[in-house]
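Undergrad: Next come the chains, spelled out residue by residue.
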Amino acid sequence: MSIISTKNLNKDYPSRNFAEKKITALSNFSFDVQDSEIFGLLGPNGAGKTTLIKIILGITFPTSGEVKVFDKDISDYTYKRKVGYLPENHKFPNYLTGEQTLHYFGKLSGLPANEVKKKTNEYLSLTGMEKWRKTKIKKYSKGMLQRLGLAQALLNNPEIIFLDEPTDGVDPIGRKEIRDLLKELKLRGRTIFLNSHLLSEVELVCDRIAILNKGSLVKSGRVDDITALSNNYIFHTSDIPDDFINTLLSEYKAVIKSKNEFQFNANTVTELNDFIDYLRNRKILIHGIVREKDTLENMFISLIGSQN
Amino acid sequence: MIFLTLVLSTFREAIAKKIFIGFFAISTLIILIFLFLINVDSIEGMVDLMESSGQEGVKNLVIGFQVAMIDISYLLIITFCFISVSSFIPSMLEKGNIDLLLSKPISRSNIILAKFIGGVLLIFVSLVYLIGFVWLILSSKSGFWHVPFLYSIFWLTLSFAVIYSLIILIGLFSQSTILSIIISLFLVFIVCPVLAAREMVIFSFIENASVRFVVNFLYYILPKTSDINKISSDIITGQPVVSYMPVYSSVLFMLVMLSVSIYIFRKKDY
Ligand SMILES: Nc1ncnc2c1ncn2[C@@H]1O[C@H](COP(=O)(O)OP(=O)(O)O)[C@@H](O)[C@H]1O
Ligand SMILES: [Mg+2]
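Protein chains in written order, with the numbering used here: chain A, 24 to 331; chain B, 32 to 301.
Since the hints were made in silico from the structure, they are not lab data.
Any given hint could turn out to be false.
[Said to hold, decoys possible] Just some of the chain A residues that point at chain B, by a computed CB distance under 10 Å:
hint: 1; residue: Tyr102
hint: 2; residue: Phe298
hint: 3; residue: Tyr301
[Unchecked claim] Part of the chain B face toward chain A, derived, beta carbon under 8 Å:
hint: 4; residue: Asp130
hint: 5; residue: Ser134
hint: 6; residue: Ser138
hint: 7; residue: Ser140
hint: 8; residue: Val222
hint: 9; residue: Lys261
hint: 10; residue: Asp265
hint: 11; residue: Gly269
hint: 12; residue: Tyr301
Ideal placement from N, C-alpha and C gives every residue a C-beta, glycine not left out.
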């Protein structure tokens, strides 16, 4: 089942100064998120990721286009009972303690009072915030706030959880913990919508991704497919004579890693085999050839780079 | 339930702000002063005076205190409560806070209404405390249980609600606490009293008919908290109320402010 779907979504903000025309944050954006998947929305800062989440949650209104959540129009706000949200740079009332914060937002999400208490205990311990439950949140570190924010987003048993840059300002260990938590939630059948400009993170947890740049969808698909095989081949060979290394460098644009290892880029199979023949003619013994996988990062840089 | 949570959150927010604690402290001080005065007087002075002037004298004295209490409470509300509630809307609209609130299953109109009702209820409860205790002290000491004094809780709350609706609108427009405070104080301290006394203050030296028309027009459309106070004391002293027009028109002003606020809030991107 598709949990979220948008059709030809456009969003223009009025410009902040008079000289400019309006700012286009999203243009003709269509996509969908399926049940029980971790969906990652990737893009550089200012790409329109936060705007998209805000439109889906009715915080900002689209200029045109259609949004459906749980197959229903979002003008009926009751779908928000089944939604969790961790905003980018969230700001909780700082006079509350961690526990009071969860109680407050739990009730605002429509949970009955006894459920709120139960879930607060459950998620404080799941996020490791049990110790600080009675501490005022103005004393919290960024990482603690982020974990409390995550607990808040999970409290009402949402069917879909929107996380906007959840690991922003969190140290590496905290990041790992958050990633593990996300995987755990996926196992429990939750759908997660993750906004991030951190590629490695998305690569590690997401099933499917969409790449957004300047408000337009650049690419989308399963992470495995997008990070498909590249045209880079790593050759392991017998010792290469020095003069031949120069030829490989200058004529074949190879990247030499050692006397026995180099990387060669072949766009076609023919090109690859011609190169192998050439090596064999020079009496180089081939010990092995490995085709490299493209990292999301390489792909991202080449896609976004070509647009700018 | 969600609505109630939001209403009650305004209480917690007000208490977290020191300024509202100041209001409670001063209210308590006033109550204590009344207690003290009455007890001192019971030994000498005042009671003799009361007894010598008879039943009527006691009543007049009590009524005098009560009328004075209206002005004192009004001043307290203006200085403490307006300043305290002026930050409600701007802090709600802060980035990272409003996003989360709007993602909750509550309509935007109800968010504004909850903030409004929360603030009004807060001031109502505070006035019940202040006026209620002063009434109890005065009544139990004098034996004159003058109920109309308690009605002033309602009138003062109404005055507050009218100005608060404007504070909400300014907060939505400007997201500025300071601006909300300045405009509301300017209105209640300068505009309202001057317009209420326009016949004496302005018309005595301005003859021009069109200027007079504009001044009258402003008087009719703007809130009339000074006149509401007058009505409140007239009711206590037992004088006939000349006209309830200030009440109707102020309530109308409040409803317009709230409707415009809701309209704006429903349309806006956050
Ligand atoms: N409230 C707003 N008013 C005007 N422009 C905005 C507003 N919010 C976002 N933008 C602009 O819209 C674009 C997309 O922003 P955003 O959705 O926050 O991107 P991201 O989350 O991918 O960093 C940016 O150019 C940003 O400056
Ligand atoms: Mg963003």
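Undergrad: All the hints need checking, so say for each whether the structure fits it.
TA: Hints, one by one, checked against the model:
1. Hint status for Tyr102 (chain A): holds, given a least beta-carbon distance of 8 Å to chain B, under 10 Å.
2. This hint is violated: Phe298 (chain A) has a C-beta 54 Å from the nearest C-beta of chain B, more than the 10 Å allowed.
3. The interface hint given for Tyr301 (chain A) is violated, since its Cβ lies 60 Å from the closest Cβ of chain B, which is over the 10 Å cut-off.
4. Here the hint on Asp130 (chain B) is kept, as its CB sits about 4 Å from the closest CB of chain A, short of 8 Å.
5. About 4 Å separates the beta-carbon of Ser134 (chain B) from the nearest beta-carbon of chain A, less than 8 Å, and the hint is met.
6. Hint on Ser138 (chain B) holds. Least Cβ distance to chain A is approximately 6 Å, under the 8 Å limit.
7. The interface hint given for Ser140 (chain B) is violated, since its Cβ lies 11 Å from the closest Cβ of chain A, which is over the 8 Å cut-off.
8. Given the 8 Å rule on beta carbons, the hint for Val222 (chain B) is violated: about 33 Å separates it from the nearest Cβ of chain A.
9. For Lys261 (chain B), the interface hint is violated, since its Cβ never comes within 8 Å of a Cβ in chain A; the closest pair sits about 39 Å apart.
10. A hinted interface residue such as Asp265 (chain B) counts as satisfied when its beta carbon comes closer than 8 Å to some beta carbon of chain A; here the least separation is about 42 Å, so the hint is violated.
11. Against a cut-off of 8 Å between C-beta atoms, the interface hint on Gly269 (chain B) is violated, since the closest Cβ of chain A lies about 46 Å away.
12. A hinted interface residue such as Tyr301 (chain B) counts as satisfied when its beta carbon comes closer than 8 Å to some beta carbon of chain A; here the least separation is about 5 Å, so the hint holds.
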